[in-house]
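Colleague: Chain residues, written in single-letter form:
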Amino acid sequence: MAKQPARILVTGAAGQIGYALVPMIARGIMLGADQPVILHLLDIPPAAEALNGVKMELVDAAFPLLKGVVATTDVVEACTGVNIAVMVGGFPRKEGMERKDVMTKNVSIYRSQASALEKHAAPNCKVLVVANPANTNALILKEFAPSIPEKNITCLTRLDHNRALGQVSERLNVQVSDVKNVIIWGNHSSSQYPDVNHATVKTPSGEKGVRELVADDAWLNGEFISTVQQRGAAIIKARKLSSALSAASSACDHIRDWVLGTPEGTWVSMGVYSDGSYDVPPGLIFSFPVTCQHGEWKIVQGLSIDEFSRKKLNATAEELGEEKALAYSCLS
Amino acid sequence: MAKNPVRVLVTGAAGQIGYAIVPMIARGVMLGPDQPVILHMLDIEPAAEALNGVKMELMDAAFPLLKGVVATTDAQEACKDVNIAVMVGGFPRKEGMERKDVMSKNVSIYKAQASALEKHAASDVKVLVVANPANTNALILKEYAPKIPEKNITCLTRLDHNRALGQISEKLNVHVGDVKNVIIWGNHSSTQYPDVNHATVTTSSGEKPVRELVANDQWLNTEFITTVQQRGAAIIKARKLSSALSAASSACDHIRDWVLGTPKGTWVSMGVYSDGSYGIQQGLIYSFPVTCDKGQWSIVQGLKIDDFSRGKLDATAKELIEEKTLAYSCLN
Numbered sequence: 068m069a070k071q072p073a074r075i076l077v078t079g080a081a082g083q084i085g086y087a088l089v090p091m092i093a094r095g096i097m098l099g100a101d102q103p104v105i106l107h108l109l110d111i112p113p114a115a116e117a118l119n120g121v122k123m124e125l126v127d128a129a130f131p132l133l134k135g136v137v138a139t140t141d142v143v144e145a146c147t148g149v150n151i152a153v154m155v156g157g158f159p160r161k162e163g164m165e166r167k168d169v170m171t172k173n174v175s176i177y178r179s180q181a182s183a184l185e186k187h188a189a190p191n192c193k194v195l196v197v198a199n200p201a202n203t204n205a206l207i208l209k210e211f212a213p214s215i216p217e218k219n220i221t222c223l224t225r226l227d228h229n230r231a232l233g234q235v236s237e238r239l240n241v242q243v244s245d246v247k248n249v250i251i252w253g254n255h256s257s258s259q260y261p262d263v264n265h266a267t268v269k270t271p272s273g274e275k276g277v278r279e280l281v282a283d284d285a286w287l288n289g290e291f292i293s294t295v296q297q298r299g300a301a302i303i304k305a306r307k308l309s310s311a312l313s314a315a316s317s318a319c320d321h322i323r324d325w326v327l328g329t330p331e332g333t334w335v336s337m338g339v340y341s342d343g344s345y346d347v348p349p350g351l352i353f354s355f356p357v358t359c360q361h362g363e364w365k366i367v368q369g370l371s372i373d374e375f376s377r378k379k380l381n382a383t384a385e386e387l388g389e390e391k392a393l394a395y396s397c398l399s
Numbered sequence: 082m083a084k085n086p087v088r089v090l091v092t093g094a095a096g097q098i099g100y101a102i103v104p105m106i107a108r109g110v111m112l113g114p115d116q117p118v119i120l121h122m123l124d125i126e127p128a129a130e131a132l133n134g135v136k137m138e139l140m141d142a143a144f145p146l147l148k149g150v151v152a153t154t155d156a157q158e159a160c161k162d163v164n165i166a167v168m169v170g171g172f173p174r175k176e177g178m179e180r181k182d183v184m185s186k187n188v189s190i191y192k193a194q195a196s197a198l199e200k201h202a203a204s205d206v207k208v209l210v211v212a213n214p215a216n217t218n219a220l221i222l223k224e225y226a227p228k229i230p231e232k233n234i235t236c237l238t239r240l241d242h243n244r245a246l247g248q249i250s251e252k253l254n255v256h257v258g259d260v261k262n263v264i265i266w267g268n269h270s271s272t273q274y275p276d277v278n279h280a281t282v283t284t285s286s287g288e289k290p291v292r293e294l295v296a297n298d299q300w301l302n303t304e305f306i307t308t309v310q311q312r313g314a315a316i317i318k319a320r321k322l323s324s325a326l327s328a329a330s331s332a333c334d335h336i337r338d339w340v341l342g343t344p345k346g347t348w349v350s351m352g353v354y355s356d357g358s359y360g361i362q363q364g365l366i367y368s369f370p371v372t373c374d375k376g377q378w379s380i381v382q383g384l385k386i387d388d389f390s391r392g393k394l395d396a397t398a399k400e401l402i403e404e405k406t407l408a409y410s411c412l413n
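These protein sequence lines map, in sequence, to chains A and B.
Be aware that the first sequence starts at 68, since it is given in my numbering, and climbs by one per residue.
Be aware that the second sequence starts at 82, since it is given in my numbering, and climbs by one per residue.
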């Protein structure tokens, strides 16, 4: 007997990430090939006609798993009954804008969307914030949706995690699917810390440490880190547009592993509400290594953190503390 | 034991349809979730940096099924050993261009690419032409790649087929997965004939004919037809960009059903080399109803064609003959 459809909200759905993401969701990439879905697409009134164009294309593609499309500029209608919310919509930084200006605009957006989600989404709605500043937008959303369990509010660092896997696989000339257990710590920004100290590669003679196989600490502690941190800018330079394809794909991975569980022996990176693990200040949305089971994530505990890593973790936590303070100052 | 990777070429890969289709291919939408793939992406020199950006994003997405990416502006390297070729690249019609100008440019492109494919692709390469004028580009490709079996050269009308299914599902308020066996006859242009005379809907009391359930011949013979014929323009009007998402998805459907077979009792529409079936002149690439089995398509025979339909089938054939003549005149 076919499963009941899951309702999935995508905000900013008329934009580039939305356009890449919705066919992935409609094909079962996010929740599995046997899970029917109903898409809720939200965008702002200036994008209403483009949004309707996306809805038309979803009809035109005749997706067997797609059981309905709600395309709207009304946030209440968009949020009603949704089981999963992917928040792609936000105010992009424009030339000449100060950080505070971007923060102010996004804080307002996430405050009002928090309210709508809290009132109208299905209980136990899982939220993934993609729009930047992702961690702080997620934190604002959490603060203004107190009846959504804090463990249900996350932000996307899976893109950085996948980018790190890709860099290691290229360096070692192995398949990316044979690399696992990198970690992205902290903020989805240039202060993120891509950590390979516990990452492994599957080889014919078993799993080997990435650090051992790469045998180039200078690269792993230097260029590798900055390449992953700045990859977004590199994509923009090449494409003249930002990384919609890989962001959309990674958003699907984030939700899929959260809902369906991580494979045995494998963890992933998610921006989650910190509980003090690894001496990260509680009350931030901070990216940690997590495993997922039965629809819940859990921080991987007990990983050794060397001095180099400790400094990096602290630096990105500090930046998040500053962003939190800035965000709150915008609300006053 | 894992299957050997299949090499899939996408031309025009730095463009919008390319950007939509490559993550679909990399996720197994085209050939199934257990079929590893190697993507070959071709575009022209001015798009080289953007193309490299797409390659970077494919790496960043850490797709388990994607076993390699060849991104190049060299047609020979692009075509080497490919098993499937999706020809999205072509010269778009610009404002002020005459039909003959568009035809002339595309005929040169498809002549050159035919040659490269014939020399370097796998001998049983399956070809899907998407770029417009799709049918005539495919015909030119066939003429200049005589070693490629003519049955291996097709053009995309699955998008129109899926659009027709979508329109019926909306009219009847049923799920698109319950509608089947529409037919798109002829040219992927505004002379195409979307035919529901043999289409059915799965209902709780069995399969019922669309014409009977819609009970509105006037609509089926006029507005329905023009809506499907002109849907591309409607999408451009809404989005200010053409229908990349649905074109990419339908291209995956076309290849998947061709390679893996159509479900029992279901046919699809493909632009294929005409053999005289249904009184259509031989030697055109014309969209017919087909079933697929063991990697081969065969035209569904014996369907009744009423007078109204006969007129439509002949009109679109006439246009294709005119295009063929125009194309050949461009070659001299």
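Treat the hints as calculated values from the structure; they're not laboratory data.
Honestly, I wouldn't trust all of these hints.
[Stated by the list, open to error] Derived pair list, reagent style EDC-like, types lysine to aspartate or glutamate, alpha-carbon separation capped at 20 Å:
#: 1; chain 1: B; residue 1: K228; chain 2: B; residue 2: D259
#: 2; chain 1: B; residue 1: K405; chain 2: B; residue 2: D395
#: 3; chain 1: A; residue 1: K304; chain 2: B; residue 2: E199
#: 4; chain 1: B; residue 1: K318; chain 2: A; residue 2: E116
[To be verified] Pair by pair, the computed Cβ-Cβ distance ranges are:
#: 5; chain 1: A; residue 1: N381; chain 2: B; residue 2: E176; range: 52 to 60 Å
#: 6; chain 1: A; residue 1: P271; chain 2: B; residue 2: A315; range: 30 to 38 Å
#: 7; chain 1: A; residue 1: S258; chain 2: B; residue 2: P230; range: 29 to 37 Å
#: 8; chain 1: A; residue 1: E144; chain 2: B; residue 2: K84; range: 22 to 30 Å
#: 9; chain 1: B; residue 1: N254; chain 2: A; residue 2: P216; range: 51 to 59 Å
[Claimed, not checked] Which stretches of chain A does chain B cover? Using the computed rule of at least three CB atoms under 8 Å from a CB of chain B, they are:
#: 10; stretch: 139-152
#: 11; stretch: 174-187
#: 12; stretch: 196-204
#: 13; stretch: 273-282
Built from N, CA and C at the ideal position, the CB exists for glycine as well.
Colleague: What are the numbers of the hints the structure violates, in ascending order?
Modeller: Hints 1, 3, 6, 7, 8, 9, 10, 11, 12, 13 contradicted; others consistent.
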